[in-house]
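A.B. asks: Chains as they are written, first to last, in UniProt numbering: chain A, 1 to 311; chain B, 1 to 311.
Note that these hints are calculated values from the structure, not bench results.
None of the values given here were measured: they were computed from a predicted structure.
Just so you know, not all the hints are guaranteed correct.
It does not matter which identical chain is meant; a pair holds if it fits inside one copy or across any two.
Listed next, the in silico BS3-like pairs over lysine-lysine satisfying Cα-Cα at most 30 Å (straight line) [stated by the list, open to error]:
#1 Lys123 with Lys219
#2 Lys200 with Lys123
#3 Lys59 with Lys200
#4 Lys219 with Lys118
2 protein chains.
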Amino acid sequence: MKEIKLFCPATIANLSCGFDVLGLCLDNAGDEMIIRKVDQKGIRITKIVGADLPLETEKNVSGVAAIAMLEAYESHFEPITFGFEIEIYKHIKAGSGIGSSAASSAGAVFGINELLGKPYSRKDLVQFAMQGEKLASGNAHADNVAPALLGGFTLVRSYSPLDIIRIDSPEELFATVVHPQIELKTSDARSVLKQNVSLKSAIMQWGNVGGLIAGLYTKDYDLIGRSLHDEIVEPLRSVLIPGFDLIKQTALENGALGSGISGSGPSIFALSRGKNTADQIAKAMSEVYENMNLPYEIHVSKINPNGVRII
Amino acid sequence: MKEIKLFCPATIANLSCGFDVLGLCLDNAGDEMIIRKVDQKGIRITKIVGADLPLETEKNVSGVAAIAMLEAYESHFEPITFGFEIEIYKHIKAGSGIGSSAASSAGAVFGINELLGKPYSRKDLVQFAMQGEKLASGNAHADNVAPALLGGFTLVRSYSPLDIIRIDSPEELFATVVHPQIELKTSDARSVLKQNVSLKSAIMQWGNVGGLIAGLYTKDYDLIGRSLHDEIVEPLRSVLIPGFDLIKQTALENGALGSGISGSGPSIFALSRGKNTADQIAKAMSEVYENMNLPYEIHVSKINPNGVRII
């Protein structure tokens with residue numbers, strides 16, 4: 001195999017209560033990538049379609065993730081006498097809050113791993129993809145790259161050592177994600193956070209994280225919904241997102257189990273049971289932004305059980 | 001049925017990462033109670049053996065819990081023309097940190113519910129038993145009464161509304177609990193807590209809560225062990241418990257999955273896989289306190305799957 005074409009899924013991180021630890025993988029929102037094994041050593045980004053992103057390997061998240069992986073490969077296994085070319089077809093907008101950089105980082109390391117004969121497991125690949133996230137946001141976080149690589153829901157229990165738990169999604173669970181076309185920098189979304197939180201709020205938050213995990217294992221949709229609350233981050237960040245309260249209220253009134261900020265925003269997600277409800281929520285969310293004359297994109301997706309895949 | 005004899009189990013609350021939300025039920029440490037249906041209306045505590053506790057109904061946790069339950073029963077169902085006597089045979093020492101008051105509160109409401117023909121589910125009974133906890137500590141917490149009534153592990157996802165999730169314990173999981181015979185008032189254990197915690201610590205804590213819940217559902221003993229960390233409360237409270245660091249280190253060196261403060265202390269628990277390891281940990285913990293000339297009690301118990309039971 002010399003060339004591989006991939007679907008690199010969008011992801012929703014945080015999921016209300018699970019700030020910095022939880023994420024899920026979407027199924028029909030994502031980028032495409034082609035990874036090609038070539039004689040010339042090194043990593044080259046040869047084409048980017050759909051986004052104005054740097055072609056220089058060291059400035060591109062997929063390039064940085066790929067370099068991290070090849071350096072580890074050469075130090076643990078053997079020197080590599082060949083190289084890789086990467087083509088990226090972006091459909092996820094940068095800054096949307098649904099894991100645009102994570103999709104590219106995850107795709108690069110997944111594709112090269114396939115072309116190397118799978119020396120690494122999908123879970124092993126997370127640490128390399130995280131280096132792309134570090135380039136993108138200054139922080140080597142895993143809450144988007146883990147679900148992009150593993151599918152389903154992922155919990156980053158710990159970073160030191162890295163400990164990621166993958167959890168199957170209940171089959172009828174669907175996500176609706178609306179992306180209002182405003183710019184919200186991750187740095188601004190980070191700057192509104194407070195370094196300290198009340199113990200009382202923190203207790204509510206970890207009660208809800210426990211409830212959400214329990215709901216996923218027991219396929220208890222109502223428990224999942226009851227647990228989708230965020231005591232800590234949403235009150236601070238939601239004011240940066242136009243129409244947030246109305247979008248969330250609309251989602252809940254239309255049958256959503258829960259709703260909140262996707263990643264650091266500005267996208268807003270809702271989870272629901274069954275595609276019909278998810279479609280109905282999408283329609284109702286769309287009307288809100290149409291009434292506000294705010295351009296938006298909207299996705300309805302089941303939870304992707306596999307993560308990045310060969311197409 | 002006119003009279004019922006009960007085993008009222010001890011419980012371990014908090015479980016390291018799960019401060020105020022998690023608890024588990026022990027199997028061979030607990031009190032006994034006899035609840036008797038009598039013609040005379042009201043609740044009377046007629047005998048307490050093994051502890052110097054008030055016989056006055058309104059000053060006794062089991063009396064207060066029973067009254068809360070009967071008031072609810074009369075308002076939802078029908079007036080009660082008879083009454084109940086309660087005998088308590090205490091084996092769990094007050095202030096030990098393994099749910100002494102919870103065992104009495106849970107036993108009272110469970111026994112009366114049986115004699116009334118089970119109008120309430122075990123989960124329904126939690127709200128009444130919590131009133132006993134309110135008398136004991138000023139705070140109607142559920143993290144001991146929930147496992148005492150439901151068995152296994154329990155998660156208090158929310159208090160408002162009350163939302164309790166019961167989780168089966170992996171079958172090979174055992175607890176070792178050592179109780180150093182010092183007095184540690186719950187109020188003192190509360191007073192060392194800080195009202196605010198760092199967001200960074202809180203994130204680690206809810207990552208671990210998620211990991212522990214995932215470990216319970218998947219019966220992943222190692223994951224359970226990796227998740228038994230407490231970033232927030234243990235560093236503040238452990239200094240109040242003589243020999244804590246050495247006891248914990250000894251437990252881990254002898255094969256414990258994890259170890260921490262039981263409830264608000266001074267008892268220290270360790271979880272392990274299999275009875276042999278739990279016994280070995282008990283032996284090693286005992287040696288630590290013997291070398292310190294500190295009197296102690298020690299329990300080795302599998303996780304009780306049923307909670308309070310008729311004997």
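A.B. asks: Compare the structure with each hint and give your call.
C.D. replies: Do the hints match the structure? See the list:
1. Lys123 with Lys219: Cα proximity of Lys123 and Lys219: in one copy and across copies (24 Å, 20 Å).
2. Lys200 with Lys123: Answer is between: at 24 Å across copies they meet the 30 Å cutoff, but 34 Å inside does not.
3. Lys59 with Lys200: The answer is between: 29 Å across copies meets 30 Å, while 42 Å in one copy does not.
4. Lys219 with Lys118: Between copies, since 29 Å is at most 30 Å while 32 Å is not.
Every hint, counting from the list given before, is met by this structure.
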